[in-house]
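Colleague: Using the sequences and the hints, build the whole thing.
2 protein chains.
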Amino acid sequence: MAAMRCNAAAVVVAPAVAVREAKVVSRVVVPGVGLGKFVGLRGAGLRGEVAVRAVERRAAGVVTKAAASSSVETLEKTDLAVLEKSVNTIRFLAIDAVEKANSGHPGLPMGCAPMGHILYDEVMKYNPKNPYWFNRDRFVLSAGHGCMLQYALLHLAGYDSVQTEDLKQFRQWGSRTPGHPENFETPGVEVTTGPLGQGIANAVGLAVAEANLAARFNKPDAKIVDHYTYCILGDGCNMEGISNEAASLAGHWGLGKLICFYDDNHISIDGDTEIAFTESVDKRFDALGWHTIWVQNGNNDYDAIRAAIEEAKSVTDKPTMIKVTTTIGFGSPNKANSYAVHGAALGTKEVDATRANLDWNYEPFFVPEEVKSHWSKHIDLGAKLESDWDASLEEYSQKYPEEAAEFKQLISLELPENWASSLPEFTPADAGDATRNLSQRCLNALARTLPGLIGGSADLASSNMTLMKMFGDFQKNTPGERNVRFGVREQAMGAICNGILLHRSGLIPYCATFFIFTDYLRAAMRISALSEAGVIYVMTHDSIGLGEDGPTHQPIEHLASFRAMPQMLMFRPADGNETSGAYKVAVLNRTVPSTLALSRQKLPNLEGTSIDNVALGGYTLSCNATDNKPDLILLATGSELEIAAKAAELIRAEGKTVRVVSFVCWELYEQQSAEYKESVLPKAVTARVSIEAGSTFGWERYVGLKGKAIGVDHFGASAPANILYKEFGLTVENLVAKSKEVMA
Amino acid sequence: MAAMRCNAAAVVVAPAVAVREAKVVSRVVVPGVGLGKFVGLRGAGLRGEVAVRAVERRAAGVVTKAAASSSVETLEKTDLAVLEKSVNTIRFLAIDAVEKANSGHPGLPMGCAPMGHILYDEVMKYNPKNPYWFNRDRFVLSAGHGCMLQYALLHLAGYDSVQTEDLKQFRQWGSRTPGHPENFETPGVEVTTGPLGQGIANAVGLAVAEANLAARFNKPDAKIVDHYTYCILGDGCNMEGISNEAASLAGHWGLGKLICFYDDNHISIDGDTEIAFTESVDKRFDALGWHTIWVQNGNNDYDAIRAAIEEAKSVTDKPTMIKVTTTIGFGSPNKANSYAVHGAALGTKEVDATRANLDWNYEPFFVPEEVKSHWSKHIDLGAKLESDWDASLEEYSQKYPEEAAEFKQLISLELPENWASSLPEFTPADAGDATRNLSQRCLNALARTLPGLIGGSADLASSNMTLMKMFGDFQKNTPGERNVRFGVREQAMGAICNGILLHRSGLIPYCATFFIFTDYLRAAMRISALSEAGVIYVMTHDSIGLGEDGPTHQPIEHLASFRAMPQMLMFRPADGNETSGAYKVAVLNRTVPSTLALSRQKLPNLEGTSIDNVALGGYTLSCNATDNKPDLILLATGSELEIAAKAAELIRAEGKTVRVVSFVCWELYEQQSAEYKESVLPKAVTARVSIEAGSTFGWERYVGLKGKAIGVDHFGASAPANILYKEFGLTVENLVAKSKEVMA
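Chains as they are written, first to last, in UniProt numbering: chain A, 1 to 744; chain B, 1 to 744.
Simulated from the structure, these hints should not be mistaken for lab results. Honestly, I wouldn't trust all of these hints.
Any copy will do: because identical chains look the same in the list, a pair fits if it lies in one copy or spans two.
[Unchecked claim] Pairs of lysine-lysine residues, derived as DSBU-like cross-links and limited to a Cα-Cα distance of at most 35 angstroms, are as follows:
| id | residue 1 | residue 2 |
| --- | --- | --- |
| 1 | Lys349 | Lys602 |
| 2 | Lys219 | Lys77 |
| 3 | Lys602 | Lys629 |
| 4 | Lys125 | Lys168 |
| 5 | Lys629 | Lys708 |
| 6 | Lys602 | Lys646 |
| 7 | Lys168 | Lys349 |
| 8 | Lys629 | Lys740 |
| 9 | Lys646 | Lys100 |
| 10 | Lys708 | Lys656 |
| 11 | Lys469 | Lys100 |
| 12 | Lys677 | Lys629 |
| 13 | Lys602 | Lys100 |
| 14 | Lys726 | Lys100 |
| 15 | Lys372 | Lys85 |
| 16 | Lys677 | Lys584 |
| 17 | Lys349 | Lys469 |
| 18 | Lys629 | Lys706 |
| 19 | Lys683 | Lys646 |
| 20 | Lys726 | Lys168 |
| 21 | Lys168 | Lys602 |
| 22 | Lys602 | Lys726 |
| 23 | Lys656 | Lys677 |
| 24 | Lys349 | Lys726 |
Modeller: Right, here's the structure in full:
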């Protein structure tokens with residue numbers, strides 16, 4: 001399929017510029033204040049205690065060197081002097097990039113640089129020269145505005161995607177360092193974050209993917225799937241409801257390899273979190289079934305961070321939340337610990353003061369030699385990690401050829417041969433059915449041919465018809481199963497599916513709820529579209545056709561709202577063939593999400609539909625004109641295609657030529673050639689009427705100003721569906737009447 | 001303004017039918033099984049303990065009479081025999097209505113009937129003959145699918161809105177008993193629920209309204225504002241992220257008069273909550289700063305329910321969550337405690353079995369005389385409550401005439417005289433500004449003339465420009481202030497504003513975030529529209545014009561998606577006058593919500609705009625044709641109106657006649673007469689070009705198939721705004737070029 005992403009927004013790959021020679025900045029460094037004042041941490045307490053939020057913690061403190069605390073054996077510690085230099089390098093790369101762009105968020109990278117260093121330098125397994133190496137640890141910056149932290153780390157780690165020139169192009173047109181982390185722009189970035197709370201839910205999805213694949217493919221003597229998922233989230237993420245949904249599921253599933261860092265800096269855009277966020281986050285995560293740890297001094301106590309990670313890894317049956325108390329904008333003498341450093345450049349004066357305060361006598365974007373040299377090991381280390389893993393996989397392939405074949409098929413990201421042949425085909429002689437039931441047949445057919453298929457519903461499995469009967473539930477003790485029970489957590493469901501897909505291991509996540517509840521899911525669905533994650537959204541009860549539940553449950557504007565969304569395929573199939581066809585396109589599109597709007601009510605199999613026609617988006621279902629000039633064109637989707645077909649018969653009986661067009665997916669139709677479009681909707685024929693049980697908004701594109709659109713431009717009502725169709729004029733009679741008006 | 005609600009969906013008021021004479025059902029009642037088997041509670045434990053979720057609790061138990069536990073002095077207890085009959089009346093009204101409709105959710109009403117009875121019969125203050133009496137206690141059924149519980153209670157309590165005939169019309173066309181509670185259909189229902197989690201957030205909003213008004217108007221000797229807000233929510237509500245957001249705020253604000261009941265029945269649609277919901281809800285609420293209580297037997301232990309309410313009332317500085325463990329579908333021998341009873345009619349056989357099991361020898365919809373007689377007191381009691389309050393208010397008015405005048409003005413729901421005169425007006429000579437800043441001027445002007453204005457931002461006050469400078473923050477210790485700090489909780493923010501508005505006390509809530517984050521808010525915004533709640537949504541950073549934050553933060557499809565939503569006014573003002581005009585219409589519309597999309601970037605004040613023109617929705621900004629046949633019509637909104645004005649000048653300079661039309665609010669334009677529309681967009685002129693920094697979806701309505709729409713039909717990018725405008729073709733040059741094409 002043609003790429004849907006607009007060329008105008010395409011990435012301009014920055015030339016690989018060599019790191020410039022270092023030059024010491026000539027700015028005045030005031031002697032003696034190199035370790036000078038900055039805003040310190042609030043008073044320490046015991047792990048898990050509710051911290052006293054004293055005004056005093058705003059008071060200025062003094063930079064103290066990290067105490068040489070007990071060693072952490074399994075982690076490779078960095079020499080302290082180099083470590084501190086590395087941490088300050090991260091801070092200043094962020095400061096300098098934001099300053100040059102005069103836009104961005106320096107506060108988080110300055111506060112989180114210590115944990116960032118430890119993660120990328122001491123803890124995480126990755127191969128910078130192959131950002132997509134399968135068995136890498138995944139990292140998600142849920143607090144995406146702090147993306148300069150991640151860019152700085154990717155840069156130091158040796159990723160080609162973030163070179164010095166890229167850092168200098170932070171937030172500029174065509175750069176690989178956009179204002180929030182975008183997986184489709186920057187290899188090394190796993191998911192797209194920014195809208196708060198999405199990232200932690202993505203991280204849950206990444207950990208789900210790992211748990212599922214590990215359970216399916218690992219053997220007692222061969223752990224070919226074995227990585228951690230790390231995530232940094234902030235106060236904002238923790239305030240968002242989606243993070244609670246995702247965390248509740250992660251606790252329920254016991255995702256022991258998910259390790260999150262809560263950047264507890266007590267500052268959000270509006271100021272101290274005291275004004276709106278005084279809950280006990282650790283107690284909440286305890287209640288959600290997480291292991292919780294508190295690092296009281298995230299600014300300097302490197303060993304405490306290391307020990308926390310060690311402890312987190314030792315807890316294998318629960319995800320871990322490490323609350324790391326940090327100072328936002330650490331090192332800035334006048335702006336640290338204030339909202340001023342959250343989302344704006346420090347300004348020349350404060351940048352100078354921060355350089356002086358942290359004894360950083362280098363020009364902007366400079367990486368000291370010892371830091372460069374220290375990090376350079378990751379090139380070889382990464383290559384070795386990957387080659388060792390390749391060897392393990394080879395050994396595995398020898399021992400377990402069948403499993404290996406399936407595993408390799410999955411991670412190739414290619415679909416298996418003939419996968420689509422399992423999709424059911426129908427003729428008008430086949431009994432009619434609700435498209436939600438037909439969807440179930442498709443899912444169960446695909447479950448047999450697509451080893452990557454995994455998904456479920458937000459507590460509506462029996463209404464959405466989304467269970468794969470051959471599998472059990474993905475649960476704590478059965479993580480290899482593939483029916484996912486999301487509970488009533490639509491937001492997290494979407495974002496978790498984004499994470500599962502962007503694990504890039506061939507998993508094909510689908511998720512389901514009533515179409516109306518895309519109102520909860522929408523932020524995640526948009527990120528599917530933006531981040532090129534081909535999640536399949538199975539959205540049933542797609543119109544007033546759901547009947548008695550009433551207007552709170554009846555989608556009206558939803559089709560239009562997704563048709564307007566870029567990079568989203570919005571399907572509304574009319575019968576069995578169109579449902580199968582929608583699945584076929586959806587599965588093929590691994591970088592474009594699809595939404596299927598499916599009926600609650602039974603629909604007949606129509607003459608003229610086919611699986612392949614769906615790929616055209618809009619096509620002629622029937623036409624009794626011998627030329628391309630019918631007297632009338634009727635346009636419809638989904639459950640109203642039957643009405644259009646019946647109306648056409650009646651009007652044809654009166655001697656008119658009528659074409660019926662199914663508009664199952666507008667986005668696909670828009671991609672067709674002008675010739676094809678003319679063959680379906682000839683410009684000369686202006687007598688056109690559309691019918692769809694939803695808002696008419698947007699239908700003018702196809703019916704024109706001389707046509708008519710029958711739809712529902714008001715909220716629905718609680719009553720049996722057939723009554724609603726009649727009361728709202730979604731009838732053959734009304735369509736015939738309107739058709740006569742436009743032909744008059 | 002004309003009512004926007006579609007006639008087709010309007011309420012058909014059911015005739016007030018007298019309650020039918022009782023007849024004993026002739027079905028066979030098996031002797032001795034009247035107190036027979038049903039599915040019982042799981043084993044009891046200590047309050048606050050994590051309950052053991054044993055399979056055993058599925059086992060059948062035996063109905064036990066409520067133990068005569070310690071009396072609760074301040075509550076008026078119902079005689080036990082009557083109480084049990086009343087509780088069973090509630091159960092069977094629900095069973096019978098669902099059975100007759102063959103659609104609905106009997107499980108919750110059967111399980112929650114005891115707490116429902118105690119609330120409406122023993123605890124709550126209300127006047128059934130005036131459902132809008134100001135000082136009533138508010139009740140929200142957040143688990144809205146269980147609406148038959150509420151209808152049964154309203155019926156017993158004597159509300160005119162729910163008579164026997166209404167119960168029989170449950171879920172039917174035109175009835176007052178729709179499938180979920182709808183405040184606009186059924187007086188006595190405070191808010192519209194159904195989408196899970198919304199109701200608890202509405203309840204928080206109702207409690208905010210009470211707290212704010214109490215702080216502003218009560219005197220040591222006169223508590224004229226003094227009521228509780230009660231809410232029943234279920235497992236589903238507690239899984240939804242929005243409920244955690246709202247609960248975190250309620251805890252933060254210490255809303256002591258908010259008392260919630262968590263119907264802990266362990267069943268959701270997909271089965272036992274064990275499959276997806278194993279967190280400790282009470283511990284989570286503890287962490288959120290709530291007082292928590294556990295009633296271990298919500299089926300029979302009436303005194304425990306009473307004692308819990310008593311205890312909740314005694315805790316005045318925290319909201320209370322009473323976990324009430326119940327059996328879903330209590331009384332149904334074969335379906336209780338299973339998902340089968342959640343959302344479907346029991347079926348004749350099981351209805352009969354339940355009647356036998358609960359010894360209910362009555363025909364459907366029957367209310368026994370002693371129950372009727374017991375509840376009949378509420379007519380007089382309610383009248384007395386209201387008249388006592390009226391007397392208090394009169395006394396208050398004598399003592400505090402100024403406060404009383406403002407209070408009465410507020411609760412009259414009329415706007416004060418001349419309120420709109422404070423809105424700023426502009427001429428092109430005035431310095432340009434971002435419409436978000438102009439919005440701030442409007443809000444601060446209105447703060448002086450509208451005593452009901454209250455609102456804030458989801459942690460973006462300094463970006464959304466929403467602080468009212470004359471007020472402090474609404475906080476636990478300063479509840480009389482009017483700047484609300486919602487934290488990063490967009491979903492709850494919207495739903496809380498719905499609650500504040502539907503308190504029906506003249507408060508005018510507004511709330512703010514970036515326009516993109518309407519993706520989080522959307523479910524609440526839709527309920528504003530549906531439930532006739534004129535909330536004002538202040539949505540800044542309305543396009544790619546926000547620049548560097550990039551595509552995760554740049555709205556594209558959002559204007560279209562709200563234009564497609566019924567009963568929502570979507571404004572995109574272009575300058576100072578249009579911003580003032582948008583506020584004027586928004587404030588006037590107390591039953592239709594408004595969304596204002598506002599620019600981050602500075603815009604000039606244009607020639608031709610005015611405050612009053614905004615009410616037309618679309619109007620001619622300028623035209624150099626002497627007749628109604630310009631060569632070209634340019635259509636634009638917001639920040640692109642300036643581009644259209646400039647392009648028009650250039651094209652006019654080449655001798656053409658050009659009309660520029662501002663389309664600030666499509667919904668208002670659609671309400672104008674055909675003559676007016678023809679005067680703005682004459683059919684004969686097909687050379688039309690629109691320009692708007694968003695999806696072109698829908699613009700065909702105004703530009704037609706021969707016109708062109710310039711917009712952004714792909715995701716944005718991270719770069720300075722002026723670069724994006726250029727790269728994406730939102731320029732005077734491109735508009736001139738496209739205009740020449742359509743004129744050719």
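Colleague: State for each hint whether it applies.
Modeller: Hints, verified against the model:
1. For the identical chains of this complex, Lys349 and Lys602 are inter-copy neighbours only, at 27 angstroms across copies versus 69 angstroms inside a copy, given an alpha-carbon limit of 35 angstroms.
2. Taking identical chains as interchangeable, the C-alpha atoms of Lys219 and Lys77 lie at most 35 angstroms apart only when both belong to the same chain, with a minimum of 31 angstroms there against 64 angstroms between chains.
3. When the C-alpha separation of Lys602 and Lys629 is checked against a cutoff of 35 angstroms, the pair qualifies only within one copy, where the shortest distance is 33 angstroms, while the shortest distance between copies is 51 angstroms.
4. In this assembly of identical chains, the alpha carbons of Lys125 and Lys168 lie at most 35 angstroms apart only when taken from the same copy (27 angstroms versus 65 angstroms across copies).
5. When the C-alpha separation of Lys629 and Lys708 is checked against a cutoff of 35 angstroms, the pair qualifies both within a copy, at 18 angstroms, and between copies, at 25 angstroms.
6. For a Cα distance limit of 35 angstroms, the shortest separation of Lys602 from Lys646 inside one copy, 16 angstroms, qualifies, whereas the shortest one across copies, 55 angstroms, does not.
7. In this assembly of identical chains, Lys168 and Lys349 lie within 35 angstroms of each other by CA distance solely inside one copy; the values are 20 angstroms within and 74 angstroms between copies.
8. Taking the closest pair of Cα atoms, Lys629 and Lys740 come within 35 angstroms of each other both inside a single copy (16 angstroms) and across two copies (30 angstroms).
9. Proximity of Lys646 and Lys100 under a CA criterion of 35 angstroms is satisfied inter-copy only: 33 angstroms between copies versus 65 angstroms inside one chain copy.
10. When the C-alpha separation of Lys708 and Lys656 is checked against a cutoff of 35 angstroms, the pair qualifies both within a copy, at 18 angstroms, and between copies, at 32 angstroms.
11. Only between protomers do Lys469 and Lys100 lie at most 35 angstroms apart by alpha-carbon distance; the minimum there is 33 angstroms, versus 56 angstroms within a single protomer.
12. Taking identical chains as interchangeable, the C-alpha atoms of Lys677 and Lys629 lie at most 35 angstroms apart whether they share a chain (14 angstroms) or sit on different chains (32 angstroms).
13. In this homomeric assembly, Lys602 and Lys100 come within 35 angstroms of each other (Cα to Cα) only across copies, at 22 angstroms, whereas the closest approach inside a single copy is 60 angstroms.
14. In this assembly of identical chains, Lys726 and Lys100 lie within 35 angstroms of each other by CA distance solely across copies; the values are 21 angstroms between and 62 angstroms within a copy.
15. For the homomeric pair Lys372 and Lys85, the shortest alpha-carbon distance inside one copy (10 angstroms) is at most 35 angstroms, but the shortest distance between copies (80 angstroms) is not.
16. For the homomeric pair Lys677 and Lys584, the shortest alpha-carbon distance inside one copy (22 angstroms) is at most 35 angstroms, but the shortest distance between copies (45 angstroms) is not.
17. In this assembly of identical chains, the alpha carbons of Lys349 and Lys469 lie at most 35 angstroms apart only when taken from different copies (30 angstroms versus 65 angstroms within one copy).
18. For a Cα distance limit of 35 angstroms, the shortest separation of Lys629 from Lys706 qualifies both inside one copy, at 16 angstroms, and across copies, at 19 angstroms.
19. Taking the shortest Cα distances, Lys683 and Lys646 sit within 35 angstroms of each other both inside one copy (24 angstroms) and across copies (33 angstroms).
20. Taking identical chains as interchangeable, the C-alpha atoms of Lys726 and Lys168 lie at most 35 angstroms apart only when they sit on different chains, with a minimum of 22 angstroms there against 62 angstroms within one chain.
21. Proximity of Lys168 and Lys602 under a CA criterion of 35 angstroms is satisfied inter-copy only: 27 angstroms between copies versus 58 angstroms inside one chain copy.
22. For a Cα distance limit of 35 angstroms, the shortest separation of Lys602 from Lys726 inside one copy, 17 angstroms, qualifies, whereas the shortest one across copies, 50 angstroms, does not.
23. For a Cα distance limit of 35 angstroms, the shortest separation of Lys656 from Lys677 qualifies both inside one copy, at 22 angstroms, and across copies, at 33 angstroms.
24. For the identical chains of this complex, Lys349 and Lys726 are inter-copy neighbours only, at 33 angstroms across copies versus 70 angstroms inside a copy, given an alpha-carbon limit of 35 angstroms.
Violated hints for the displayed structure: none, as all numbered hints are satisfied.
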